[in-house]
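With the hints as a guide, dock the two chains, each given alone in a separate frame, to form the complex.
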Amino acid sequence: MKVHTMAELMMAGETPEILFWVGCAGSFDQRAQKITKAFAAILDKVGIRYAILGKEEACTGDPARRAGNEFLFQMMAYQNIQVLNGYGIKKIVTTCPHCFNTLKNEYPELGGHYEVTHHTGFLQQLIEEGKIKMKEKGSFSGKKISYHDSCYLGRANHIYEAPRKVLEALDAELVEMKRCRSNGLCCGAGGAQMFKEDEPGQKRINMERADEALETGASFIAAACPFCNTMMTDGVKNREKENDVAVMDIAEMILTEME
Amino acid sequence: MHYLPQIIFLVLSIAGIGIFSRKIAEIRRNIFLGKPENLNNQPGKRIQNLLLLALGQKKMFKNPLVAIMHLVIYAGFIIINLEVLEIILDGVFGTHRLFAAPLGSLYNWLINGFEFLAVGVIAVCIVFLLRRNLIKLKRFISKDLDGWPRSDANYILITEIILMSLFLIMNATDQLLQASGNEHYHITGVFFFSQKIAPVFSGMSQSSLVILERTCWWFHITGIFVFLNYLPYSKHLHIIMAFPNAYYARLELQGKMNNMPAVQNEVLYAMQPETAPNDAAPPAHFGAKDVFELSWKNLLDAYSCTECGRCTAACPANITGKLLSPRKIMMATRDRLEEVGKNINTHKQFVDDGKSLLHTYITIEELRACTTCNACVEQCPVSISPLEIILELRRSLIMEESNAPQEWNSTFSNIENNFAPWKFSPDDRDQWIRDIE
Chain A
1 MKVHTMAELM MAGETPEILF WVGCAGSFDQ RAQKITKAFA AILDKVGIRY AILGKEEACT
61 GDPARRAGNE FLFQMMAYQN IQVLNGYGIK KIVTTCPHCF NTLKNEYPEL GGHYEVTHHT
121 GFLQQLIEEG KIKMKEKGSF SGKKISYHDS CYLGRANHIY EAPRKVLEAL DAELVEMKRC
181 RSNGLCCGAG GAQMFKEDEP GQKRINMERA DEALETGASF IAAACPFCNT MMTDGVKNRE
241 KENDVAVMDI AEMILTEME
Chain B
1001 MHYLPQIIFL VLSIAGIGIF SRKIAEIRRN IFLGKPENLN NQPGKRIQNL LLLALGQKKM
1061 FKNPLVAIMH LVIYAGFIII NLEVLEIILD GVFGTHRLFA APLGSLYNWL INGFEFLAVG
1121 VIAVCIVFLL RRNLIKLKRF ISKDLDGWPR SDANYILITE IILMSLFLIM NATDQLLQAS
1181 GNEHYHITGV FFFSQKIAPV FSGMSQSSLV ILERTCWWFH ITGIFVFLNY LPYSKHLHII
1241 MAFPNAYYAR LELQGKMNNM PAVQNEVLYA MQPETAPNDA APPAHFGAKD VFELSWKNLL
1301 DAYSCTECGR CTAACPANIT GKLLSPRKIM MATRDRLEEV GKNINTHKQF VDDGKSLLHT
1361 YITIEELRAC TTCNACVEQC PVSISPLEII LELRRSLIME ESNAPQEWNS TFSNIENNFA
1421 PWKFSPDDRD QWIRDIE
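Residue numbers (our numbering), protein chains in the order written: chain A, 1 to 259; chain B, 1001 to 1437.
These are calculated hints, taken from the structure and not from any lab test. Remember, it's a predicted structure, so these values are computed and weren't measured experimentally. Just so you know, nobody snuck in bad clues.
Listed next, the in silico SDA-like pairs over lysine to any residue satisfying Cα-Cα at most 25 Å (straight line):
#, chain 1, residue 1, chain 2, residue 2
1, B, K1062, A, N183
2, A, K2, A, K133
3, B, K1289, A, E199
4, A, K90, B, N1259
5, A, K196, B, E1401
6, A, K178, B, G1321
7, B, K1062, A, R179
8, B, K1059, A, A162
9, B, K1423, A, V83
10, A, K2, B, Q1431
11, A, K203, B, S1142
12, A, K178, B, K1058
13, B, K1196, B, I1126
14, A, K178, B, V1066
15, A, K55, B, S1425
16, A, K2, B, F1424
17, B, K1138, B, Q1057
18, B, K1256, A, S182
19, B, K1256, A, I81
20, A, K37, B, Q1431
21, B, K1256, A, C180
22, B, K1256, A, R181
23, A, K178, B, K1136
24, B, K1059, A, E161
25, A, K34, B, Q1431
26, A, K55, B, D1427
27, A, K90, B, I1433
28, B, K1058, A, C180
29, B, K1256, A, E161
30, A, K196, B, P1405
31, A, K37, B, P1426
32, A, K34, B, D1427
33, A, K34, B, P1426
34, A, K178, B, A1313
35, B, K1035, A, L110
36, B, K1423, A, Q82
For each label pair, taking beta carbons as the anchor points, the in silico distance ranges come out as:
#, chain 1, residue 1, chain 2, residue 2, range
37, A, K143, B, M1271, 50 to 56 Å
38, B, V1226, A, V175, 52 to 58 Å
39, A, A12, B, N1258, 39 to 45 Å
40, B, K1138, A, K144, 27 to 33 Å
From the three backbone atoms N, C-alpha and C, an ideal C-beta is built for every residue, glycine too.
Just chain B, with the same shape it has in the complex (with noise of 0.2 Å):
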């Protein structure tokens, strides 16, 4: 029975770890349902972009005072759990703060330093909610949230209170229990912040106290299971996809799009009829329709957007009321990609489900309303691009489907013919010379 508790961490952990590990290997498997890409050039910048983007934060700076409480948030989730470190550890060997001895008066530095965070974390947390909640901040109450979204939102900060509340309530009945001389807890000396709540326990008896500080140990690291296991489910998978696509992020500038070699090609063989092998097979398709037919990158991006809305709220066409929202354009990603996923999960491979991303999931009027403008991919904290996906889709309806508005046919026409957009002779493309001699 004395090793009880200790079993029973056991295979919370083995459990917690187990399926979390599970997850993510199913997306990463999704991921790689998408077009393979190879993005290893170049890895000092792409290093630099890591720890800039992503461990840095730099975009969030756009706004100081959101990007250092968000920067708090992050800092005090990251740093406490070190302290997780020791919780397992006691875990598993049936110890309490483990690390108090050897490390001595450090140790006291540190758990302070935790808590100061912690406090910090509750504090911004709360001023997060607030500002989701009851500001009405455009890119927050948007239709793009309704549902689940918006309550994932509200979760996590919820979470997060509760356990930096539990390390906290934890620590202030230590503290009354090391006073009271129970032998069990070590004397780790004062910790701040749960030294002023401690008092709020002080009436309580000696054996409630251990109840008390156990429940909210036991609490605190379940918690942290059951969070980690939620995140693949949550736009808070970007604490840890971030990082990923910050590395793999595209190094040439936004201007450029993407090459389709195959095309250009097509368009080679064409022109001179000697280059063509005599085995050239025409591409399978052109553009995506579906999730398959993207970029490995983009479906990285799709599960390491956080739904923040800084794209939406920065897209040009989405400022004045159309329909496009690049930041739902994500959102359609990675829920078809979840779909599909799904889908094989059921049935050993894909079955044909009769959807797809571009119709199903995007309709053609939102992509027809975006000016290219890279708005989106400059806003985007973590590295994502809308614009791609948007394109990619666009090139679909016109290449595939010849799903262009009456206008776009006449442009492409007049290109095609007149070597310009409008309808003019190319024989008149140097007249305005003659206007000024």
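Isolated chain A (complex conformation) (with noise of 0.2 Å):
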């Protein structure tokens, strides 16, 4: 499998459908890694012509800008509007909801106008066009799986079916926590707090999910956010259920159902 970049297509004359933005979690993160990989595997498998940025890429400054930063968010938002728009990138799709929504909803009034898709949203049309086959007995069948909504996919942008509805293509029974969709809980990661210590109180926010999604007594716990992914594989851990239960994202499920 051959990953390539945008600087290689366009020496070479051509141009993709669509632009992988892989996000810093996506290319630097080992868990998220698997992730990205399972991704481009996908789109690989079904033959889509797609490019990343690379070296190209850099942070789109959410965390920045929801620390406070805003510096620094319009300078990193200036870079990539830059690269963007020099590579005159019309279509995005992204593993990260995070990056999803700064570059769907914050950059176009910062001059970036893109077509801006997130992986669940971009499965869920494959399947439905019928491009991603799924085998006829999976591993998850009648096995069952939680989805864990991350903010930033549902209350921010109210995509709460896209990714269940991949999820029903494993033809595995889909268990709901007490908390979901619009009133789903926080995994904790969000607003930059990934990059700092919780703030005093009595339990972790990732604990609280973690606690919550094991309590639907599912195999597998869902997710659709490199952050969310972190959270709650360390919450199982300090569970110590991580042999009993794992957390897998959707696109890695997908990817391990497919013909």
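Encoded structure:
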């Protein structure tokens, strides 16, 4: 499998159908890299001509902006928009809801206009179009999966159905947590919390959410965000349930079950 | 002497409405101490929000039972106030049940309808009093409400019970007087609920009944005027403010943060110096330290808050025992704004009092606990965004005071130098490709 960068395609005089925005977690975090590779593998299998920015990609600025550092955010946005517009990018798909939200909702008024999709929506479309076909008897068949809503997909962008529709293709039993969809509880990572210790309190937010997920009795916790994934994985490990319950990204689940 | 009651009534009405109007004008002035922002686009969408969220109370229906009970109080309260129109006209002209003759049997239907609602309101107010004070519902026993806010909530419920009881007793005595053939009391037909309580008063003399009926009438209308003037000091102001607040609610997706064009331009001028105008002045402040630097919509939010605590009950930080409570953010903003308003009343203009919303009212620890998950915004039945205030205060902390936890400073410098929040070399950003090749 060969992953091309925009620079390489440009040199070859080609334009991809879509840009895969990998994001910082997807690029550097060891766990999130697996999600990146899984999604890239799906794109490859389906035969979509895509490219990444590679070394030219930079943080969208989301954590800086939400921490309060607007200067840093604007600097990152300026750089990214220069690069994206320079390549004439029209369509972007990303595996990170934070990148998705910033690219889709916050870059337009700074001069960056793109059609941005989150990979759950993208996968849903591929499944509906029949481009992704699932194995007859998959390994998730009959198993319980609980989907954890990412705040930046759900409340921030009203995407509740796409990830669930994708999971339905796995022929598994979807079980909802008590707080789901618009009432979903945050994993604790948003607003730049990922990069600092929790404030003093009685419990970590990811433990509260992991406990709720474990209560469903599901064997798989499905996530659609690399940060939620880390938080939920830590929570499950902390309760010493990592041998019974796996935290997986929706892209990883689809890849293992694709024909 | 014949006109004395009418004169007293007129004075009472003018005073009641006059004092209320003055206070509302003051609240309006306070709200516009905030930064200007144009929120008049897409009027169709805004009217839809007003009808669905304010009039239809859509968000309340996340819990249908409570929503229906709340709707009974709300509908009862609003519809019964139609009857206040008759009371006011009777008061001004010295008449009695002015609408009874012209409306005929419709009048009986109307009053019966009002009585039905009045009984509903009393029943629900009792349930709500019990729910607030006996059931240990976390958002009601929270320390956010210690002191005045908790009493305020109870006063409102008790006042509504009293007002509705006065209305029913008034009707009950009226019917006894009708039955006794008192000419002043028109025959109106039977009122279903007050008929049931009439026997309690049947032993009373004609003159006592008239006194009781008149007392109820006077207390009912005085109560309404007093209540009207209590509103601006109470969480109950939401019955008015929910409407403009729904209309001016932000229409963008909740995930979008407000842009800071001033900072956007500063960055642009730094990157492309040729675009910088010669007279570009740096903005006066970054983010909000005090109410003046918030948008007027944030301040309207503060006056609209019902202190119900749905935001706080859904807040992941609060649920896990952190100091942050979105409800407290809104209450603090209103308290500070009221304080600033009093300051202006006294000195004709704002005189620095050494206080500010940030630090004096809202601490750093509260702000730092927010995950920007939008749960508070999603929950609010009256279209408030506590998150916007939190984020504006965070901007002030970082950009004005350079006040960030050490970990965030590292994150910032990593983003700036390595283009990622972690200390990895930007050259390794596509390392994962080499792993799979």
